[in-house]
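Q: Going left to right, the sequence shown walks through residues 54 to 185 as the numbering used here numbers them.
No lab work stands behind these hints, which were simulated from the structure alone. Keep in mind it's a predicted model, so treat the numbers as computed, not measured. No false leads were slipped in.
As a list, the in silico DMTMM-like pairs of lysine to aspartate or glutamate whose alpha-carbon atoms are at most 20 Å apart:
1. Lys98 - Asp82
2. Lys98 - Asp88
3. Lys98 - Asp185
Across the chosen pairs, the derived CB separations fall in these ranges:
4. Val86 - Arg151: 34 to 42 Å
5. Leu87 - Pro129: 20 to 28 Å
6. Pro112 - Phe132: 26 to 34 Å
7. Val86 - Ala63: 13 to 21 Å
8. Thr148 - Gly81: 49 to 57 Å
9. Gly149 - Leu78: 43 to 51 Å
10. Asp150 - Asp82: 43 to 51 Å
Yeah, the Cβ is synthetic: ideal placement off N, Cα and C, and Gly gets one too.
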Amino acid sequence: MLSAQLLFLAVYLVGSFGVLLVAALHIGDLPAVLDPRLERLGDPKDSLPPAGPDTAWNPLVWVFGICRAVAMFVYPLAFVTLVLGLAALLHAWRTGDRKTFGWLVINTGAWFALAALALSPYGTQLHGWLLD
54 MLSAQLLFLA
64 VYLVGSFGVL
74 LVAALHIGDL
84 PAVLDPRLER
94 LGDPKDSLPP
104 AGPDTAWNPL
114 VWVFGICRAV
124 AMFVYPLAFV
134 TLVLGLAALL
144 HAWRTGDRKT
154 FGWLVINTGA
164 WFALAALALS
174 PYGTQLHGWL
184 LD
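Construct the entire structure; sequences and hints are all you get.
A: Have a look at this one:
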C-alpha cells in the first residue's frame, strides 16, 4: 500500500500541477498557476506534447497523458487511498512495525492534504480546468 500511495501521489502531481506549470510557462504567465482558468491558460491539451506520427513512441505523450487521466479522477482516487491507507495504518500499528507505520502516516497525511486541496475552491478550479 505504501508504494501505491507514493506512486499515485507522484502521478497525480505530474498530471495536475505538472500540466499546470507547463501551461503557464507555455503562455508566459506564471501567476496563472495561482488562478487556473480557461480564459487565462487556454486549453490544457495545448500545453501537452503534440500528437503526431511518432506519438506511440514518444514517452512524454504517454507520461503526461496517463498522469493527466489519473488527475481527472482525483476525488475517487483520494478516497480509495485514504481508506486503504487508514486500514494499512491500523495493521502496521497492530503488528508493531514502526518504520512502515511512520511512512504510512506521512503518505496518508499527504493524501489527506491533497484531498483537502482538491475540495477547496482552488482545487475545484484546477480540476475544472484539467477536465476541459
